[in-house]
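Based on these hints, arrange chain B on the given structure of chain A.
There are 2 protein chains.
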Amino acid sequence: MFNNRTKIKALLSTEPTGQEVIVMGWVRTFRNNQFIALNDGSSINNLQIVVELGLLDEATLKRITTGAALKVTGTLVPSLGKGQKAEVKASAIEILGDSDSEKYPLQPKKHSLEFLREIAHLRFRTSTFSAVFRIRHSLAFAIHQFFNEKGFVYLHTPIITSSDAEGAGEMFQVSTLPLENLPRTENGNIDFSQDFFGKSTNLTVSGQLEGELAATALGDIYTFGPTFRAENSNTTRHLAEFWMIEPEMAFYDIQDNMDLAEAFIQYLIRYVMDHNAEDLAFLDNRLKEEEKALPQAQRSEQGLLEKLQFVLDNRFERITYTEAIEVLLASPAYKKKKFKYEVKWGIDLQSEHERYLVEKHYKRPVIVTNYPKDIKAFYMRQNDDGKTVAAMDILAPGIGEIVGGSQREERLDKLQTRMQEMNVPVKEMEWYLDTRRFGSVPHAGFGLGFERMVLFVTGMSNIRDVIPFARTPKNCEF
Amino acid sequence: MFNNRTKIKALLSTEPTGQEVIVMGWVRTFRNNQFIALNDGSSINNLQIVVELGLLDEATLKRITTGAALKVTGTLVPSLGKGQKAEVKASAIEILGDSDSEKYPLQPKKHSLEFLREIAHLRFRTSTFSAVFRIRHSLAFAIHQFFNEKGFVYLHTPIITSSDAEGAGEMFQVSTLPLENLPRTENGNIDFSQDFFGKSTNLTVSGQLEGELAATALGDIYTFGPTFRAENSNTTRHLAEFWMIEPEMAFYDIQDNMDLAEAFIQYLIRYVMDHNAEDLAFLDNRLKEEEKALPQAQRSEQGLLEKLQFVLDNRFERITYTEAIEVLLASPAYKKKKFKYEVKWGIDLQSEHERYLVEKHYKRPVIVTNYPKDIKAFYMRQNDDGKTVAAMDILAPGIGEIVGGSQREERLDKLQTRMQEMNVPVKEMEWYLDTRRFGSVPHAGFGLGFERMVLFVTGMSNIRDVIPFARTPKNCEF
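As they're listed, the protein sequences go chains A and B.
Heads up, the final residue of the first sequence is numbered 473 in our numbering, and it's a clean run with no missing numbers.
Heads up, the final residue of the second sequence is numbered 473 in our numbering, and it's a clean run with no missing numbers.
Since the hints were derived computationally from the structure, they do not count as laboratory data.
Treat the hints loosely; a few may be bogus.
Repeated chains share a single entry, so a pair holds when one copy, or any two copies, can fit it.
To be verified - With a straight-line Cα cutoff of 20 Å, these simulated PhoX-like cross-link-like pairs (lysine-lysine) come out:
| id | residue 1 | residue 2 |
| --- | --- | --- |
| 1 | 2 | 84 |
| 2 | 331 | 355 |
| 3 | 371 | 77 |
With the rest of the complex left out, here is chain A:
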């Protein structure tokens, strides 16, 4: 057995009593030929290794460079340095892997996020990104734990699909046909019957419809999987490949749906605050430092930790779309013609409108319900007013839409009529309609964009920095 190490996170919370320990990790810095800051990825904090004079020969000392991998045997003793309870007094150091400090791209200094994006394969080794990815892990685990505790079934909906029912945007085609020489039918069309699945297929944009099938049998289900949009959006909030969580619940109406979504988001934030306090403190400080360079007006009113605590302590504001439009029309921003896009009943809320509602007016997350039916999907439940549907979007400060959901139309006739009105291919979706034919029930669900949630919790500002390897237009590296 090689791996008889103790992780640094564990050592740093152990009472140091001179016990023998083995640690392994990578050198962050080496000062005065005496103090090694060692990191193994388990914690934002480094472990200080003290190398006494004469322990190592000159040649070995020279190999202790930034990025080098070490195996250290020694004793865990109280530290005299500030900010750390324990350090290791080394009795033996083995160099597992050298790192040529001339060539190592990560120097012990601050690198820009843009530069680190170029070397995404190494950025896991920085404090910022190790914190981000540990928090991403915690959020993912908290999601599973939240739903598991409530008796939800985790459902893997298909990634490759032959339906484009959602109409949620541009899709990626999936094929095994030889592109250089595509087979054709007699009348000159591409012969998809020769494709792997015998038909044209795409990458999924949502697992919701399949989720409804399972929910109307198992009760409560959720998906958590990758989702795709082939949109040419080069923004700080869009990815071509991202992860989404889509719970779907039988016997839920839109109120139940809102209650669940709010409890869910608060649970996730609380979990990370409980389990990643040191990572959050680091990122909180990082954000403060970043914002020092900005003019006062562009700085956040709240620090990261303050913002998260605020979301825990305050209920989300719940307003209807109609109320949202009224608030916007009555706003100083509208009167001073500060909105670029038109404001009137029937519009799709633009980012500037959402930000005004959340950041200026209500100053907290807002749930907007009952949108005009014409700007929402066919499956949303029609309200009695004939104009709106039981949709709900959650808008978060600094992020905008983080959750989109609705009560689903469970009435077969109304659903069929709406599908026809919106040119959804009814015939290809008989399987979906079967849930309304046989024991149809009120049900609801929502989707949470995982990376947007990670952005919100880490305080990072570009979505490419919260996913290990971003896929965006013209960018598919690693």
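Quick look at chain B alone, frame taken from chain A:
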């Protein structure tokens, strides 16, 4: 709030004291106009609803058909029937959704698995499939819990990739180019610079290489995501789209790797036995019934529960590939020429060989190590004998290979040489080689095929029956 129901699973473990309850679910059967078996997907067990004479009018009674959805208000009282502790004496029944019993595809009788595969959107409503998918959920949760407890970071590796480094098989192409009219370069090739990512891209076959990048920074990571093979394999063990778990650990050698994999599999089995006892008992019984139709020789020696307990109680056998070949050559099966494929050192073990080792010879899971280097991937660590690599495959009874893993080659020169020998494009993989250039460490990992694990634990025999919507050649429905 609509959803003020109590789930049937909770009610069935509650002491019945006449308390008022609300339950919602779907009718499985309705006997004598008096006893409704109601199921809400939370449990394999139905709740008995007792309808007293005169509670409902004739028209309503007729609407209580198999598949109909009900909201039942009543009192939870001790049951006189056998096999159930509690039942609900209804005070009000509301029909949430009708089900025309003439048209409902699921009748209260046994359907074949083949038929249910055709109506995969409804099979969640059967006892067998609800049990399978609850167990699938539990396995997924147990996977996250196992790694979270050990301080692993859950990593989402990319689904769309531009590299084919693994060479693990046929890949699905991903593109947004207009297939009807593909853009061409001046010399007539397809102009992938106009594609979404500016190059040719595919669906991932493994997240391992990206996993290594994160492991050599964060220490221990695991992936759990969809993986794709465009292989034209129509078998009971292959899917074109399946889920895989790939842990990758820094500072691990192959022994550490085997220890982790064995502990992992045992943890998963124990978790399901602890949390899904009723579902397992149902499937155990189902398997016994199925096998009654088979000749004695084809029946399993152990029942499902027996088999799972056996795996918990016994260590996995650990043998080298060379020992495996010796066992096969000395076997009665070999001497009687019962193997279809040749047996000699250097072959890739065939399914018949694996089954002999596991089911006939060792009668338990077997870990085979140190395979010939020429039948394994370039990244596996080369042993000192110059002939073998530090690979490890775990073979399970009835399933065959369930885990494939190895210690990785951490020595830059040896890795580069092997890549050249195997025609792996070294230049495109400089990012991968960087992990060996800067602080390289011994590390290892493995992949577990999730659906094969679900097969093993549920005792189902076709992999299409343990994933919600199977993707196989010429099949991409729902």
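Tested hints:
For a Cα distance limit of 20 Å, the shortest separation of residue 2 from residue 84 inside one copy, 16 Å, qualifies, whereas the shortest one across copies, 57 Å, does not. Within a single copy, residue 331 and residue 355 get their C-alpha atoms as close as 15 Å, which meets the 20 Å cut-off; across copies the closest is 83 Å, which misses it. Neither within a single protomer nor between protomers do residue 371 and residue 77 lie at most 20 Å apart by alpha-carbon distance, with minima of 57 Å and 50 Å respectively.
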